[in-house]
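Chemist: Sequence:
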Amino acid sequence: MLYDIAFFIFSIFYLPALIFKGKLHRDFCERFGLYDKSKRESLATGQGTIWIQAVSVGEVALCKSLIPALKEKFPGLQIVFSTITKTGNALAKKLFSKDAVIIYFPLDFSFVVNRCVNLLNPRIYVMIETEIWPNLLNALSGKGARSILINGRISDRSFGKYKLVRRFLRPTLEKINSFCMQSELDAERIKFLGAPAQKVNVTGNMKFDSVVAADTEITQSLRSLLGLESCEELLVAGSTHRGEEELMISVFKELAGSNPKLNLLIAPRHIERSGEVEALARSKGFVAVRVSTLSLSPPSDPGPRIFILDTIGQLKDVYLIGTLVFVGGSLVKHGGQNPIEPAVLGRPVIFGPHMFNFRDIARILLDNAAAIQVFDNEELLDRVRFLLSDKEKAAALGRNAKRAVLNNRGATARNLEAIGQSIAFYSSKLKAES
Numbered sequence: 228m229l230y231d232i233a234f235f236i237f238s239i240f241y242l243p244a245l246i247f248k249g250k251l252h253r254d255f256c257e258r259f260g261l262y263d264k265s266k267r268e269s270l271a272t273g274q275g276t277i278w279i280q281a282v283s284v285g286e287v288a289l290c291k292s293l294i295p296a297l298k299e300k301f302p303g304l305q306i307v308f309s310t311i312t313k314t315g316n317a318l319a320k321k322l323f324s325k326d327a328v329i330i331y332f333p334l335d336f337s338f339v340v341n342r343c344v345n346l347l348n349p350r351i352y353v354m355i356e357t358e359i360w361p362n363l364l365n366a367l368s369g370k371g372a373r374s375i376l377i378n379g380r381i382s383d384r385s386f387g388k389y390k391l392v393r394r395f396l397r398p399t400l401e402k403i404n405s406f407c408m409q410s411e412l413d414a415e416r417i418k419f420l421g422a423p424a425q426k427v428n429v430t431g432n433m434k435f436d437s438v439v440a441a442d443t444e445i446t447q448s449l450r451s452l453l454g455l456e457s458c459e460e461l462l463v464a465g466s467t468h469r470g471e472e473e474l475m476i477s478v479f480k481e482l483a484g485s486n487p488k489l490n491l492l493i494a495p496r497h498i499e500r501s502g503e504v505e506a507l508a509r510s511k512g513f514v515a516v517r518v519s520t521l522s523l524s525p526p527s528d529p530g531p532r533i534f535i536l537d538t539i540g541q542l543k544d545v546y547l548i549g550t551l552v553f554v555g556g557s558l559v560k561h562g563g564q565n566p567i568e569p570a571v572l573g574r575p576v577i578f579g580p581h582m583f584n585f586r587d588i589a590r591i592l593l594d595n596a597a598a599i600q601v602f603d604n605e606e607l608l609d610r611v612r613f614l615l616s617d618k619e620k621a622a623a624l625g626r627n628a629k630r631a632v633l634n635n636r637g638a639t640a641r642n643l644e645a646i647g648q649s650i651a652f653y654s655s656k657l658k659a660e661s
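Going by our numbering, the first residue of the sequence shown is number 228, and it counts up by one from there.
Some hints could be false.
Derived pair list, reagent style DSS-like, types lysine-lysine, alpha-carbon separation capped at 25 Å [said to hold, decoys possible]:
(1) Lys370 / Lys656
(2) Lys426 / Lys370
(3) Lys543 / Lys291
(4) Lys300 / Lys313
(5) Lys656 / Lys402
(6) Lys298 / Lys320
(7) Lys656 / Lys300
(8) Lys543 / Lys620
(9) Lys266 / Lys426
(10) Lys560 / Lys543
(11) Lys325 / Lys264
(12) Lys658 / Lys629
(13) Lys313 / Lys543
(14) Lys300 / Lys321
(15) Lys313 / Lys266
(16) Lys313 / Lys488
Hints are computed from structural coordinates only; laboratory data are not their basis. Keep in mind that this is a model prediction, so the values were computed, not measured.
Model the full structure from these sequences, guided by the hints.
Modeler: Written out as structure tokens, the structure reads:
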């Protein structure tokens with residue numbers, strides 16, 4: 228009850244932010260467990276479900292191989308896939324509509340989650356990374372459903388916050404049946420917060436399993452779409468945050484004078500900022516082109532251009548044609564974005580000093596001479612210039628990056644095994660009760 232009251236008060240204060248950020252969308256009612264007739268009929272199968280919760284785009288992308296594997300291994304169970312963000316929901320629909328019912332995750336009010344749990348009838352609830360919602364976990368436990376955390380991690384920021392409520396968090400963590408953590412540090416942190424030690428295992432990072440084979444056809448069609456000649460090069464700035472675009476444009480300006488065949492593509496982490504990035508590029512005197520408009524109006528301007536990726540799900544394809552890649556969220560104190568996607572494609576990868584959200588991945592890449600870390604804008608300019616001038620060094624960096632990723636695969640299979648064990652436990656319990 229006290230948690231419900233606290234969550235209600237938080238929701239009231241957070242409402243203006245929801246409105247301001249445009250998060251009160253048409254399907255927001257699903258967050259109260261209210262679904263249209265067709266979706267209610269799809270959810271109420273009565274056969275039991277595997278419920279998977281992924282917050283946003285990054286967590287959704289992790290499930291590309293997990294969902295088909297679950298569908299194959301447990302064909303009699305329905306898969307329900309929930310997200311919180313609109314972009315995550317859109318990607319989930321694109322990837323998994325044939326294999327799962329896609330919904331928005333319910334708000335953690337007891338009356339809402341009780342309704343959802345009764346409707347979904349989950350045998351197992353799977354959380355991706357760190358999704359700890361007390362009322363939901365309590366409702367699941369009350370129905371006898373199993374809960375498992377996979378690809379679990381506790382970031383520095385989250386750990387600091389969780390420590391403040393450690394006393395209240397312990398009873399909630401005890402309701403989770405299994406913790407599959409990314410690293411030993413994550414495992415130690417979750418145990419410190421109250422997870423029973425016997426339930427905690429290190430299974431690795433599923434991000435290393437997101438292997439995408441290079442597709443020559445996609446490469447050629449993208450180069451053609453961007454209007455790039457075979458001799459032109461493309462510097463890709465992926466998943467950038469405010470403040471980084473200006474730095475990247477400044478680096479590009481320094482390089483473009485002596486390298487007229489170089490172009491820049493910026494993929495802002497939040498595509499709603501595309502207009503802001505386009506305006507910034509134009510203010511610096513560059514031709515700025517949104518990728519979404521290219522099929523209607525191919526670029527005709529000669530000379531260095533700045534492309535803005537304002538579409539969802541195309542970044543990995545863009546990485547294929549990048550000469551080298553800067554991974555965003557790392558020159559500002561955001562904590563970095565995932566460097567694995569360009570690395571597994573054999574792209575030379577550069578990132579900034581602030582990679583604390585991907586600390587283990589960054590360490591593995593750096594230890595294997597598979598990425599370059601820079602600490603300021605001048606060093607970024609120097610390293611980009613070096614890699615553009617020394618093709619052999621750039622190629623070696625890319626080869627090392629791909630090898631490092633391939634050598635660290637296997638977390639998805641280990642997590643799938645843990646999910647299977649939980650489902651088997653639930654099934655044996657059902658048989659014993661019948």
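Chemist: Next, verify each hint and record whether it holds.
Modeler: Hints versus structure:
{"no.": "1", "hint": "Lys370 / Lys656", "result": "13 Å, holds"}
{"no.": "2", "hint": "Lys426 / Lys370", "result": "20 Å, holds"}
{"no.": "3", "hint": "Lys543 / Lys291", "result": "13 Å, holds"}
{"no.": "4", "hint": "Lys300 / Lys313", "result": "29 Å, violated"}
{"no.": "5", "hint": "Lys656 / Lys402", "result": "17 Å, holds"}
{"no.": "6", "hint": "Lys298 / Lys320", "result": "16 Å, holds"}
{"no.": "7", "hint": "Lys656 / Lys300", "result": "19 Å, holds"}
{"no.": "8", "hint": "Lys543 / Lys620", "result": "23 Å, holds"}
{"no.": "9", "hint": "Lys266 / Lys426", "result": "35 Å, violated"}
{"no.": "10", "hint": "Lys560 / Lys543", "result": "24 Å, holds"}
{"no.": "11", "hint": "Lys325 / Lys264", "result": "19 Å, holds"}
{"no.": "12", "hint": "Lys658 / Lys629", "result": "46 Å, violated"}
{"no.": "13", "hint": "Lys313 / Lys543", "result": "20 Å, holds"}
{"no.": "14", "hint": "Lys300 / Lys321", "result": "22 Å, holds"}
{"no.": "15", "hint": "Lys313 / Lys266", "result": "18 Å, holds"}
{"no.": "16", "hint": "Lys313 / Lys488", "result": "37 Å, violated"}
When held up to the earlier numbered hints, the structure conflicts with 4, 9, 12 and 16 and fits the remainder.
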